[in-house]
Amino acid sequence: MKNNQPLAQQQPPADALIIGAGFAGLGTAIRLQQQGIRNITILERSDDVGGTWRDNQYPGAACDIPSNLYSFSFAQNPNWSRSFSGSREILEYIHHLVNHFNLRQYIRFHQNVSNLAWDQDKGLWQATTTNGHVFSGRTAVMAQGPLSNPGWPGIAGLDEFKGKKIHSAAWDHDYDLKGKRIAVIGTGASAIQIVPELAKCAGKLTVFQRTPPWIMPRPDFTTPDWNKTLFRKAPVSQTAVRKALYLAHESMALAVIWNSPLTRFAERLGRWHLRKQVPDRWLRRQLTPDYRLGCKRILVSNDYYPALQKPNTKLITWPIDRISQHGIRTVEGIEHQFDCIVFATGFEVSNAGTPFPITGIGGRSLNEEWKRGAQAYKSINVSGYPNLFFTFGPNSGPGHNSALVYMESQMDYIVRSIRTIKSLKLKALDVRQSAQDDHNRSIQSRLAKTNWNSGCQSWYLTEDGFNATMYPGFATQYAKQMADLELKDYRLLAEEAASETF
Amino acid sequence: MAKIDLDNMLEKIKNTQWSLSDVDWDAPGAELITPEQWPKLKAFMADLMWIEHVGARAFAAMAKKAPDDTLRQIYTYFHAEEQRHANAEMALMKRWGMLEDGELPEPNNNLRLVIEWLDRFADDQPVYVLGTVVPMLEIALDGALCKFLLDTVDDPVCHQAFELINGDEARHLGVGFTVMEMQGHGKTYIELIRMTAQLMDPRLILGIASYFPLLNKMRDNIVEMGLPEEKLYEAMRKFEKIGGRTGDGRRNPWFQIIKHHGRFVVDRKKRFYHAPIDALVKVADVIPRKAFPAVPSWVKEITYHPTA
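Heads up: the protein sequence lines correspond to chains A and B, in order.
With positions in the first sequence counted from 1, the corresponding number in the numbering used here is that position plus 98.
With positions in the second sequence counted from 1, the corresponding number in the numbering used here is that position plus 57.
I should point out that these hints are in silico values taken from the structure, not numbers from a laboratory.
Where is the CB? At the ideal position from N, CA and C, for every residue including glycine.
Be aware that one or more of the hints could be misleading.
Said to hold, decoys possible - Using 35 Å as the maximum straight-line C-alpha spacing, the simulated DSBU-like pairs for lysine-lysine come out as follows:
(1) A:K469 <-> B:K71
(2) B:K121 <-> A:K302
(3) B:K357 <-> A:K278
(4) B:K357 <-> A:K262
(5) B:K151 <-> A:K412
(6) A:K412 <-> B:K99
(7) A:K302 <-> B:K71
(8) A:K263 <-> B:K69
(9) B:K357 <-> A:K302
(10) A:K302 <-> B:K151
(11) B:K151 <-> A:K260
(12) A:K298 <-> B:K121
(13) A:K408 <-> B:K151
(14) B:K347 <-> A:K302
(15) B:K71 <-> A:K260
(16) A:K263 <-> B:K357
(17) B:K357 <-> A:K276
(18) B:K122 <-> A:K408
(19) A:K412 <-> B:K71
(20) A:K547 <-> B:K122
(21) B:K99 <-> A:K302
(22) B:K357 <-> A:K374
(23) B:K122 <-> A:K374
(24) B:K347 <-> A:K412
(25) B:K71 <-> A:K278
(26) B:K121 <-> A:K547
(27) B:K121 <-> A:K469
(28) A:K262 <-> B:K69
(29) B:K357 <-> A:K412
(30) B:K151 <-> B:K204
(31) B:K295 <-> B:K339
(32) B:K339 <-> B:K122
(33) A:K278 <-> B:K151
(34) A:K276 <-> B:K151
(35) B:K357 <-> A:K408
(36) A:K302 <-> B:K69
(37) B:K121 <-> A:K412
Said to hold, decoys possible - According to the in silico footprint, chain A covers these stretches of chain B (three or more CB under 8 Å from chain A):
(38) 74-88
(39) 137-151
(40) 346-360
Throw the hints in and build the complete structure from the sequences for me.
Structure below.
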């Protein structure tokens with residue numbers, strides 16, 4: 099029988115094998131390159147860079163963090179057109195990074211990793227891709243993104259619907275929405291950006307909400323030309339603005355992460371925003387969250403509430419019973435019929451498993467170990483999986499500040515570790531289980547006091563309520579945690595040593 | 058009726074859903090409504106539909122105040138299910154030619170007062186106040202009215218619809234009585250103190266002032282329809298029997314209050330109760346429509362269309 103599978107093709111080992119060409123993967127490559135490490139391979143499953151910002155191009159897609167903070171400190175962009183940039187402009191920024199730092203040479207496109215395994219004898223990570231290629235690296239960096247795979251809801255009858263189905267994270271730009279009867283399932287971060295755009299063109303738009311989010315006013319404005327000129331001519335002014343934005347967001351931790359008088363203040367602000375935009379008492383009641391602010395992701399929008407009140411738009415809060423051939427049946431007994439259902443239902447979150455099998459020392463499976471909730475040392479290393487680094491690993495998620503601020507701390511930690519591995523000629527740098535356990539005991543005890551663990555259901559928590567996602571502190575604390583590579587917390591194996599001595 | 062495991066109940070609720078499209082509203086049988094029945098049935102169905110609808114709003118308030126997530130989800134479903142009953146009853150009215158296209162039946166003034174009260178104050182009430190009143194309303198009004206309807210109307214589509222509705226109502230009552238017993242677990246003394254404080258709440262007094270006349274009004278409507286009022290009383294006594302079947306249930310002070318109130322309602326000889334309440338019914342009847350504020354927007358959510 100003829101074997102149609104392509105034969106595995108072995109590539110020479112890289113110093114750093116990076117999985118994913120989004121912000122984290124590209125940023126790590128830039129930092130490595132700046133430290134003189136150029137033997138880098140970046141595996142990208144798609145045909146373009148950008149990760150989340152390449153995939154999330156739905157109408158209205160934008161960032162919830164001001165662009166001057168949602169960008170790399172070492173590659174600031176003076177030309178942001180708005181205070182909160184849209185997805186296309188962020189993607190352009192990523193393309194600019196690739197060109198400016200000449201990163202394309204490292205990227206292998208259409209390489210979708212299906213398996214990652216540690217070869218103890220060779221001291222190499224081997225990544226097998228779905229098209230049969232094998233890439234190896236002395237170190238491996240998981241930069242595949244914590245929110246990179248569309249999450250479909252567990253609603254009965256999902257496959258029965260005969261109309262068009264679109265996921266917010268894989269938008270079909272060829273489908274004409276004008277005049278169509280459209281449903282949006284979900285009212286999270288993507289939905290509240292999509293709804294105002296769809297309300298402009300849909301014949302009928304129905305938004306299905308399970309839990310109302312806390313929504314704050316969005317201080318969005320077009321950047322004046324003088325501002326861009328100032329940033330270009332005096333970059334220090336942009337750094338100062340960035341610092342001010344950073345500190346402003348840091349102060350928000352006091353309202354978002356912990357239950358404090360500032361939480362009450364922020365809740366009042368959210369209710370004021372709602373009252374100001376929604377005059378109808380019943381609709382306001384439907385849109386009022388009944389959980390503590392911060393427990394789920396806080397959203398910002400000025401046009402979501404007004405969009406819901408347009409004549410062609412309706413909010414449905416009845417529980418969904420099932421999806422039928424023609425639409426969505428809700429428990430009040432009505433079948434709401436549509437031409438198209440938009441699933442703004444978020445992503446598959448790897449907080450209780452890995453996106454593909456990862457095998458460590460002695461064949462141990464990380465997916466198995468993380469089944470009851472992911473755990474790592476400082477969010478970045480896992481004991482038994484030497485030379486493997488996670489960006490946005492367990493308990494690294496920010497709730498109040500720019501993800502890129504956290505990411506920079508991780509990237510610098512990775513670069514420091516890889517330099518150490520190279521300079522000390524190490525075969526393996528493996529974090530000690532005891533150090534990992536100590537770290538997690540401390541993290542979990544701090545998490546118990548946060549708003550995320552205050553009783554609501556969110557994607558931050560596993561089904562058992564274990565918080566494997568968020569970092570319980572200020573970004574400044576996180577940066578401090580990541581500032582030092584404490585070798586006493588690691589087991590070091592020299593290149594010449596036999597593997598069994600490890 | 059054994060005490061219910063609420064988690065299992067939630068699963069059961071999710072697995073036994075139905076929708077208006079499951080019923081063929083154009084099937085033969087509408088002609089079985091006699092011309093004599095028609096006008097009385099129209100008024101009866103309008104009242105029934107509104108009771109379901111205000112019941113729905115009460116469940117919405119209970120969902121906000123539910124002590125745990127399971128009960129919150131259950132009440133959220135019950136809110137929608139009561140709405141479904143109102144929708145189905147409207148679909149029957151439409152089938153029987155009692156509604157013009159897009160018409161919404163007018164609620165009577167007592168119901169109008171209840172709607173107003175629910176809209177303004179229900180969300181502020183402790184879950185156990187509504188948690189005791191709602192089972193009473195369901196067992197007494199829903200139970201008696203539905204039974205009467207099925208005894209009187211021969212239309213098979215009506216029977217099919219009420220088979221589905223009664224399936225839901227059985228679960229609503231099961232949960233209702235279980236929750237009443239759950240409240241009985243609390244220390245009676247503390248509950249009594251708390252309850253006394255709640256009774257002093259003017260919002261609750263307003264609620265009582267709309268609930269009491271509603272029962273008497275419904276009794277009058279039932280008599281008008283030709284149903285022996287004893288049937289309503291039988292249903293109300295069931296509340297006392299089921300609600301008081303366990304020590305926990307009997308220790309719930311709200312159960313005791315509603316039970317004793319029920320005894321007054323079923324005994325016309327208690328003039329000191331009926332005279333003022335009947336007077337309130339009469340007063341409500343003469344309130345001019347214009348005196349009521351605009352109906353809240355949730356009232357307009359009901360529909361007889363199986364699809365939207």
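Hint by hint, here is what the structure shows:
no. : hint              : result
1   : A:K469 <-> B:K71  : holds (27 Å)
2   : B:K121 <-> A:K302 : holds (29 Å)
3   : B:K357 <-> A:K278 : holds (25 Å)
4   : B:K357 <-> A:K262 : holds (30 Å)
5   : B:K151 <-> A:K412 : holds (24 Å)
6   : A:K412 <-> B:K99  : holds (31 Å)
7   : A:K302 <-> B:K71  : holds (28 Å)
8   : A:K263 <-> B:K69  : holds (29 Å)
9   : B:K357 <-> A:K302 : holds (18 Å)
10  : A:K302 <-> B:K151 : holds (25 Å)
11  : B:K151 <-> A:K260 : holds (30 Å)
12  : A:K298 <-> B:K121 : holds (33 Å)
13  : A:K408 <-> B:K151 : holds (29 Å)
14  : B:K347 <-> A:K302 : holds (34 Å)
15  : B:K71 <-> A:K260  : holds (24 Å)
16  : A:K263 <-> B:K357 : holds (30 Å)
17  : B:K357 <-> A:K276 : holds (28 Å)
18  : B:K122 <-> A:K408 : holds (30 Å)
19  : A:K412 <-> B:K71  : holds (24 Å)
20  : A:K547 <-> B:K122 : holds (24 Å)
21  : B:K99 <-> A:K302  : holds (33 Å)
22  : B:K357 <-> A:K374 : holds (23 Å)
23  : B:K122 <-> A:K374 : holds (25 Å)
24  : B:K347 <-> A:K412 : holds (29 Å)
25  : B:K71 <-> A:K278  : holds (30 Å)
26  : B:K121 <-> A:K547 : holds (24 Å)
27  : B:K121 <-> A:K469 : holds (33 Å)
28  : A:K262 <-> B:K69  : holds (31 Å)
29  : B:K357 <-> A:K412 : holds (13 Å)
30  : B:K151 <-> B:K204 : holds (21 Å)
31  : B:K295 <-> B:K339 : holds (28 Å)
32  : B:K339 <-> B:K122 : holds (34 Å)
33  : A:K278 <-> B:K151 : holds (29 Å)
34  : A:K276 <-> B:K151 : holds (34 Å)
35  : B:K357 <-> A:K408 : holds (17 Å)
36  : A:K302 <-> B:K69  : holds (33 Å)
37  : B:K121 <-> A:K412 : holds (22 Å)
38  : 74-88             : holds (count 5)
39  : 137-151           : holds (count 6)
40  : 346-360           : holds (count 5)
Taken one by one, the earlier hints all hold for this structure without exception.
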